[in-house]
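Each chain, letter by letter, is given below.
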Amino acid sequence: MAAIAKKFTLEVPSSTENLVLIRDFVTRIAQQAHLDEQEISNLELAVDEACANVIEHAYGQDTRQEVIIQAICDEEAVRISVIDTGKGFDPTGVTPASIDSLVTERRSGGLGIRLIKALMDEVSYQIQPGQKNELHMIKRLRKHA
Amino acid sequence: MAAIAKKFTLEVPSSTENLVLIRDFVTRIAQQAHLDEQEISNLELAVDEACANVIEHAYGQDTRQEVIIQAICDEEAVRISVIDTGKGFDPTGVTPASIDSLVTERRSGGLGIRLIKALMDEVSYQIQPGQKNELHMIKRLRKHA
Amino acid sequence: MANPFSVQTSIEEGISLITLEGFVDAYTAPEFETAMQAQVDAGHHRIIVNCDQLHYISSAGLGVFMSFVEEVRERGGDIKICGLIPKVRHTFEILGFQEIFDLVENEAQARQRFQAA
Amino acid sequence: MANPFSVQTSIEEGISLITLEGFVDAYTAPEFETAMQAQVDAGHHRIIVNCDQLHYISSAGLGVFMSFVEEVRERGGDIKICGLIPKVRHTFEILGFQEIFDLVENEAQARQRFQAA
Ligand SMILES: Nc1ncnc2c1ncn2[C@@H]1O[C@H](COP(=O)(O)OP(=O)(O)O)[C@@H](O)[C@H]1O
Ligand SMILES: Nc1ncnc2c1ncn2[C@@H]1O[C@H](COP(=O)(O)OP(=O)(O)O)[C@@H](O)[C@H]1O
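First to last, the protein sequences are chains A, B, C and D.
Those letters in the first sequence? Residues 1 to 145, per my numbering, in order.
Those letters in the second sequence? Residues 146 to 290, per my numbering, in order.
Those letters in the third sequence? Residues 291 to 407, per my numbering, in order.
Those letters in the fourth sequence? Residues 408 to 524, per my numbering, in order.
Since the hints were derived computationally from the structure, they do not count as laboratory data.
Errors might be hidden in some of the hints.
In silico DSS-like pairs for lysine-lysine, Cα to Cα no more than 30 Å straight-line [claimed, not checked]:
no.	chain 1	residue 1	chain 2	residue 2
1	A	Lys6	B	Lys152
2	A	Lys6	D	Lys494
3	A	Lys6	B	Lys232
4	B	Lys152	A	Lys7
5	A	Lys7	B	Lys232
6	C	Lys377	B	Lys262
7	B	Lys152	A	Lys87
8	D	Lys494	A	Lys7
9	A	Lys7	B	Lys151
10	B	Lys151	A	Lys132
11	A	Lys117	A	Lys6
12	D	Lys494	A	Lys117
13	B	Lys151	C	Lys377
14	B	Lys262	B	Lys152
All chains should be built: construct the whole structure from the sequences, respecting the hints.
See below:
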């Protein structure tokens, strides 16, 4: 058992209706990996944000498209990838504004990527617009952190 | 929206530890399809039994193998397939014994397939040992039943 | 969301009480089986299984009841099952377990059945 | 397992009370936004959002708070947020929302803050 990485994959239609199912999936995997309650909540939220971005931005609410969530767990970390084949974007072009300025401008968005980065140990994008866009997120297990 | 079938796929390591995750997945899909509580429970149990059989019998507890659960929902039915690449079996060769005789023989097994058939509207197997074994289960939505 | 599993055993007035909590599926059924086996091995054949905190059972759990009932009855005991929530009771009934097992409301009633026997 | 979403609105002594239940994510946030918009459109700028039955919030829900607070403050009102469970409070705090919003214990305290203002 010990050295084997466990791999889980979930594929769902690109609809915010499925976020609850995605969160359940992530929560169960995080429980199995023995993350503590706060870490489980953090992982759940980060993956929700990543998938909500795919549904809204990569696929522009086209529910015929598919969101793929892959999780790989070993003794060191839980690694989650969110994969889409949508339009992609340049993550280096997104500079998070301060919350104060978002409030002043009465914006309701602009919080997702900031949250993901705050919640996960490592975050990276691999973008091939229209082909395959991947967001990789890593939560290290504490004894290895 | 109306005419589009929604497709969901879950792939997990072949371990009974993952049955809880599988049940969550099925329950959420059944809720989305507006099955009633009893129907949701029935679907949850049938898929659990099907996956437990794959884990125990098709893969003989080899946790490096993978169980695939696919769900397709449209206006008529929820169709669930459980797919493995394990050793397969001849479902026509399994004749359910009476519960009385199972009790007399102190057997703990022999209930799974019986339950699946009792719980689902249609059940069929497609077996190609070592290649791809599929158990197809259909729960019709009531307005179409 | 979390429905962890636990099984607890106690003995009172010569009757074993096994309390199940959470879900009994193919993953957790072996623990239930171990608890049941321990009672039988110790010569305790009057067993109450309290299920009022049991939220889910699959055939792996039903099989545990099925495989022990004959033995305890042969030795003058029984397995009384109490507190089934409707959802779980439905699973028992699909298989006709109500014909084979004494399904009762609560622990007190289960004890009475043993007294009456 | 089910954590369905609901939003309810009531008005008492000129203060709007919006009660959130279940989860607010990108799926349910539009309903919360509609409820908030309705209060602002009706000229109600003193708003309490009771979250003691709220189990989960994502940025879609936080964004609703963020997009209305400036407007109600300009008009002499505020959004008071009460009853956050620790998990949800943590999400607010990751983004520093405790610097911008008045997060209070319970509804009574939220009303006091409006009285005091
Ligand atoms: N998966 C994605 N595909 C395409 N564009 C994205 C994706 N994720 C984020 N973006 C872009 O980055 C911006 C910032 O994202 P985020 O911080 O999550 O805030 P929000 O989604 O609320 O706008 C989005 O408005 C969008 O333009
Ligand atoms: N997916 C499967 N792959 C291989 N064999 C199977 C599979 N499902 C069922 N079987 C065979 O059919 C038998 C009866 O299955 P079932 O009614 O579920 O009872 P149990 O699993 O408790 O034995 C099993 O013992 C096994 O031999």
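Okay, the hints, checked on the actual structure:
About 24 Å separates the Cα atoms of A/Lys6 and B/Lys152, which keeps this hinted pair within 30 Å; it holds. Our distance criterion of 30 Å between C-alpha atoms is met by A/Lys6 and D/Lys494, whose separation comes to about 28 Å. Taking the CA atoms of A/Lys6 and B/Lys232, the gap is about 22 Å. The hint holds against a cut of 30 Å. Taking the CA atoms of B/Lys152 and A/Lys7, the gap is about 20 Å. The hint holds against a cut of 30 Å.
The hinted pair formed by A/Lys7 and B/Lys232 meets the criterion: a straight-line CA distance of about 21 Å does not exceed 30 Å. Proposed proximity of C/Lys377 and B/Lys262 is supported: the alpha carbons are some 18 Å apart, at most 30 Å. Between B/Lys152 and A/Lys87, the direct Cα distance comes to roughly 21 Å. Compliance with the 30 Å bound is thereby established for this hinted pair. Note on D/Lys494 and A/Lys7: the hinted pairing holds, with a Cα-Cα distance of about 28 Å set against a maximum of 30 Å.
For the proposed pair A/Lys7 and B/Lys151, the alpha carbon gap of about 24 Å is at most 30 Å, so the pair holds. The suggested pairing of B/Lys151 with A/Lys132 holds, with an alpha-carbon distance near 21 Å, which does not exceed 30 Å. Using a Cα cut-off of 30 Å, the hinted pair A/Lys117 and A/Lys6 holds, with the two alpha carbons roughly 24 Å apart. For the suggested pair D/Lys494 and A/Lys117, the alpha carbons sit about 18 Å apart, so the restraint of at most 30 Å is met.
A C-alpha spacing of about 28 Å is found between B/Lys151 and C/Lys377, which places the hinted pair at or below 30 Å, so the restraint holds. Annotation: proposed proximity of B/Lys262 to B/Lys152 holds, straight-line Cα distance about 23 Å (limit 30 Å).
Consistency note: the structure conflicts with none of the earlier hints.
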